[in-house]
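Protein chains in written order, with full-length UniProt numbering: chain A, 1 to 583; chain B, 1 to 176.
Just so you know, these hints were derived from the structure itself, not from any lab.
Computed from a predicted model, the values in this text were never measured in an experiment.
Relax, there's no trap hidden among the hints.
Partial list, derived from the structure: chain A residues whose beta carbon lies under 8 Å from chain B:
#1 His151
#2 Ile171
#3 Leu203
#4 Ala329
All C-beta atoms, glycine included, are put in the ideal place defined by N, C-alpha and C.
One letter stands for each residue in the lines below.
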Amino acid sequence: MPGMSKPADEMKRPTGEANHRTDGAMLLKGADMVVEALRRERVDVIFGYPGGAVLPLYDALYECGIRHVLTRHEQGAIHAAEGYARVTGRPGVVIATSGPGATNLVTGLADAMMDSIPIVAITGQVAKTVIGTDAFQETSIIGISTPITKHNYQIRHASEIPKVFKEAFHIANSGRKGPVLIDIPKDVAGETALFSYDDPPQLPGYQPTVVPHQLQIRKLMSGLSRAKKPVILAGAGILHAGASAELVAFAERHRLPVVHTLLGLGGFPASHPLFLGMGGMHGSAAANKALHETDFLINLGARFDDRLTGKLEFFAPHATVAHVDIDPAEIGKNVSTQIPVVGDVREALLMMLAADVESPHADAWMNELLATKEQFPYWYVQEGTGIKPQRLIAEIARLTAGNAVVITDVGQHQMWTAQFFPFEVPDRWVTSGGLGTMGFGLPAAIGAYFGKPEQQVVAILGDAGFQMTQQELAVIGEMELPIKVVIVNNGALGMVRQWQELFHGERYSASLLEWQPDFIKLAEAYRIPATRVQEDDALTDVLTAFLAAPGPGFLECVVEPRENVFPMVAPGTGIHQMVGVKP
Amino acid sequence: MTPVLSVLVHNKPGVLNRITALFMRKGFNIQSLTVCITESPDVSRMTLVMSEMDEAALEQVMKQLHKQIDVLKVTDLTEAPMVSRELALIQVNSPIAQRATITSLIDPFRASIVDVGRDTVTVQVTGDAEKIEALISLLRPYGIRELARTGLTALPREASAVSELRRLNESQVLPI
Ligand SMILES: Cc1ncc(C[n+]2csc(CCOP(=O)(O)OP(=O)(O)O)c2C)c(N)n1
Ligand SMILES: [Mg+2]
Chain A
1 MPGMSKPADE
11 MKRPTGEANH
21 RTDGAMLLKG
31 ADMVVEALRR
41 ERVDVIFGYP
51 GGAVLPLYDA
61 LYECGIRHVL
71 TRHEQGAIHA
81 AEGYARVTGR
91 PGVVIATSGP
101 GATNLVTGLA
111 DAMMDSIPIV
121 AITGQVAKTV
131 IGTDAFQETS
141 IIGISTPITK
151 HNYQIRHASE
161 IPKVFKEAFH
171 IANSGRKGPV
181 LIDIPKDVAG
191 ETALFSYDDP
201 PQLPGYQPTV
211 VPHQLQIRKL
221 MSGLSRAKKP
231 VILAGAGILH
241 AGASAELVAF
251 AERHRLPVVH
261 TLLGLGGFPA
271 SHPLFLGMGG
281 MHGSAAANKA
291 LHETDFLINL
301 GARFDDRLTG
311 KLEFFAPHAT
321 VAHVDIDPAE
331 IGKNVSTQIP
341 VVGDVREALL
351 MMLAADVESP
361 HADAWMNELL
371 ATKEQFPYWY
381 VQEGTGIKPQ
391 RLIAEIARLT
401 AGNAVVITDV
411 GQHQMWTAQF
421 FPFEVPDRWV
431 TSGGLGTMGF
441 GLPAAIGAYF
451 GKPEQQVVAI
461 LGDAGFQMTQ
471 QELAVIGEME
481 LPIKVVIVNN
491 GALGMVRQWQ
501 ELFHGERYSA
511 SLLEWQPDFI
521 KLAEAYRIPA
531 TRVQEDDALT
541 DVLTAFLAAP
551 GPGFLECVVE
561 PRENVFPMVA
571 PGTGIHQMVG
581 VKP
Chain B
1 MTPVLSVLVH
11 NKPGVLNRIT
21 ALFMRKGFNI
31 QSLTVCITES
41 PDVSRMTLVM
51 SEMDEAALEQ
61 VMKQLHKQID
71 VLKVTDLTEA
81 PMVSRELALI
91 QVNSPIAQRA
101 TITSLIDPFR
111 ASIVDVGRDT
121 VTVQVTGDAE
131 KIEALISLLR
141 PYGIRELART
151 GLTALPREAS
161 AVSELRRLNE
171 SQVLPI
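With the hints as constraints, model all of the structure from the sequences given.
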């Protein structure tokens, strides 16, 4: 029977009685169809939380062979799905019940939308017969999620399930990736219909351009060969497209300096001599100098976010801009672009590598940038006996030999990690960029672990952000996941405190955490071994033991409370106006 | 410029909401929006008249519309040869004594009276926005009670008709 053959690693059939037919389709109940569709999509883990409207679905999931991870909050489930998706490149799957379950997904959907993370979110809905009556736990998640999903569906009959799931996975994980939500009324789960998963998705309104136009590539390459001050800005598109090797080859071929966005880190090896560092608000002086002074900017899969560009009039003001993006709507949106290239960035790089053009004569420029890189590295001053947060990050990097999957939350510790953890390879870096979602880190680390269980996983979290989703320690404790949780405790909503210090006359309005829980007891309550370190002397030894220990671990690292993230492009200024480039 | 876009979309529940949600999210303003069925039952046509905007903004609007999975085609009719029509119903004060004046007023607009009351008549007019504006301002002194406009709906002209028109126009040019 075509379409019925299953790989050996798949376990049990759906619990409902499958009524097999000769044409490869089978009669199934809606809930079993969902499970079967997930199986066909080779989903190996689901993050979720049950409730009334998804009871039939959870019944079908019971002992179905697909692993289900019960987070302790639906927000945790969707961030975990994001972490999984970010390190594997495959859609993360999350399930929540109707009403409050669904609304708890909102932050994660918005986060995934901003950072182009492929997610398939399944929500239960009240029965079709009562939709619109303000039934118990009814909420219009379709209305709510429309602006924060790539697409969404409400299933009206079980017969739509195969088609909708096929489309949803395809949309989530192709073109510019993103979250897709499927809302399933409770009674649909009980309806019986024919299941066939063989038809390819029919989406006449969705045909992403993958292969770029040769003419545009030629324009880009001839512009490049005439450039005096070329630079590559490489974004997360490089990671989504799996284009790291091509990026390195291209930069080396023409000796081009490379700047990464925050989310692009790892696409180009940090130790590479052509790497200038991260650009933007807390980027390196060399990277921002390059972005300001360049005469030929090649944007590869970045979206010219305002935290990167600073004040637009000072961003690459003298440059011809070439922009490669799979999403045409990003091209020309913020920065006017002379050479638009719509397509997959790996395809584009392959075509660019095939082009036989002279390399630009840019040695003087390259040397100038490398001198700036030499002269203005990221810095901190080691003083006193306390721990400098930057040194903490650098030590974690050194002790893991840069090999860990690193997840952060949002704030100062996130920027320090971006600066001081040298990402050498792709897909080891998980952070919330576009939405800047506090509370993202801990659950995302759980998802990242399920995506790459063979890798060491280190979650570097702020003391404030950690507390937004700290309940997910339960998952780590219960499943004894070998995740190392590091709390960078600066007793503050550090990034807010920094802005108040610099721009609000040191009026620390609601940003100091003078009262803290006992983090050690908290971790221990979840039966996770916990340690505190606050002396710089002890840091290396404690970290070494902490990272080497098997199983889960929790380290509270008390750091200098007044440390700021520098260098910095102050809001409203240009990227050439960095402050704090030197001690 | 006030751009006119013709957008073919899947005729499915929620599509209108997707489009308006997009416009709200992106801060695009519209002057009018009509939605109607087409020759194909699965496809609806939306005709959007946007507020004043520059070319870059219009490009962004079109690209964002394209990104919607349920959008099949976006056509910019602003400068393209098109037939566009709007319909307005204007209920205007019209005591018996004045009725003849009103009839003669609306006549050149090929408008018609579609309802007659004791004190008012309701005028129906179709045409482009300019023509409708013109009639409204002519009727305003008599006292407009109520006004309903459909918003613009439009189709591009058939290519052969366009080239025929161009040929006619060109043949009227005197070679010097
Ligand atoms: C959900 C959410 N609320 C508020 C903010 C604003 N915000 C950005 S950074 C920050 C402080 C984070 O403090 P902490 O987690 O301790 O990290 P630190 O900056 O101290 O390293 C705040 C409140 C946010 N990004 N996300
Ligand atoms: Mg803090």
